[in-house]
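Hey, can you work out the whole structure from these sequences and the hints?
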Amino acid sequence: MKKMLMIVSLLLVFVLVYSGAEAQCAMCTKTASQLGEKPALGLNRGILYLMLSPFAIVGFIGFRWWKNNKAMEKEEGNNV
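Heads up, the final residue of the sequence shown is numbered 60 in the working numbering, and it's a clean run with no missing numbers.
Be careful, since some hints might not be right.
Stated by the list, open to error - Derived DEER-like restraints, expressed as beta-carbon distance ranges: (1) Asn59 - Met31: 40 to 48 angstroms; (2) Lys50 - Tyr29: 30 to 38 angstroms; (3) Leu(-9) - Gly26: 18 to 26 angstroms; (4) Pro34 - Ile(-13): 46 to 54 angstroms; (5) Glu55 - Leu32: 33 to 41 angstroms; (6) Cys8 - Lys50: 38 to 46 angstroms; (7) Val(-7) - Gln14: 29 to 37 angstroms; (8) Ala51 - Thr9: 43 to 51 angstroms; (9) Met(-16) - Arg25: 24 to 32 angstroms; (10) Met(-14) - Leu32: 14 to 22 angstroms; (11) Val(-5) - Lys54: 31 to 39 angstroms; (12) Ile(-13) - Ser33: 18 to 26 angstroms.
Unchecked claim - Derived SDA-like pairs (lysine to any residue); straight-line CA-CA distance at most 25 angstroms: (13) Lys10 - Leu(-9); (14) Lys(-18) - Lys18; (15) Lys18 - Val(-7); (16) Lys50 - Ser(-11).
Just so you know, the hints here were simulated from the structure itself, not pulled from any lab data. Just so it is clear, CB atoms sit at the ideal spot from N, CA and C, and this is done for glycine as well.
Quick look at the structure:
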């Protein structure tokens, strides 16, 4: 359990730290190229940040579901 949480945390840190990730659509790339280098990096990081939010929510819900199922299985095993 703790090992899995550590792996997920490290993966999330690597994704957030990696600045070479391209997350722009064609329209965003065109707009960012007109803004300059610094604003384009900020736009790209903002897109990555907004992209991670739904994944974090779904991951949290999945983790809670898995933990609840594991607890229910353990409880059923004790009742038998």
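Open item on the list: Quick check: does the Cβ-Cβ distance between Val(-5) and Lys54 fall within 31 to 39 angstroms?
Closed with: 33 angstroms, holds
- [ ] Indicate whether the distance between the beta carbons of Ala51 and Thr9 respects the range 43 to 51 angstroms.
- [x] 47 angstroms, holds
Open item on the list: Given the hint of 38 to 46 angstroms, is the C-beta distance from Cys8 to Lys50 inside that range or not?
Closed with: 41 angstroms, holds
Task: Restraint status (C-alpha distance of Lys50 to Ser(-11) at most 25 angstroms) - done: It holds: about 21 angstroms lies between the C-alpha atoms, which stays within 25 angstroms.
TODO: Confirm or reject the claim that Lys50 and Tyr29 have a C-beta distance inside 30 to 38 angstroms.
DONE: 31 angstroms, holds
Task: Range agreement (Cβ of Arg25 with Cβ of Met(-16), hint 24 to 32 angstroms) - done: Given a distance of about 27 angstroms, which is inside 24 to 32 angstroms, the answer is holds.
Task: Assessment of proposed distance window 33 to 41 angstroms (beta carbons of Glu55, Leu32) - done: Between Glu55 and Leu32, where Cβ atoms are some 34 angstroms apart, the hint holds.
Task: C-beta pair Asn59, Met31: status relative to the range 40 to 48 angstroms that was hinted - done: 43 angstroms, holds
Task: Range hint 18 to 26 angstroms (beta carbons of Leu(-9) and Gly26) holds or violated - done: 21 angstroms, holds
Open item on the list: Quick check: does the Cβ-Cβ distance between Ile(-13) and Ser33 fall within 18 to 26 angstroms?
Closed with: Holds, at about 20 angstroms.
TODO: For the range 46 to 54 angstroms, tell me whether the beta carbons of Pro34 and Ile(-13) fit it or not.
DONE: Given about 20 angstroms between the Cβ atoms, the range is violated.
Open item on the list: Taking the Cβ atom of Met(-14) and the Cβ atom of Leu32, is their distance within the range 14 to 22 angstroms?
Closed with: 18 angstroms, holds
Checked against the numbered hints given earlier, this structure breaks hints 4, 13 and 14; the rest are met.
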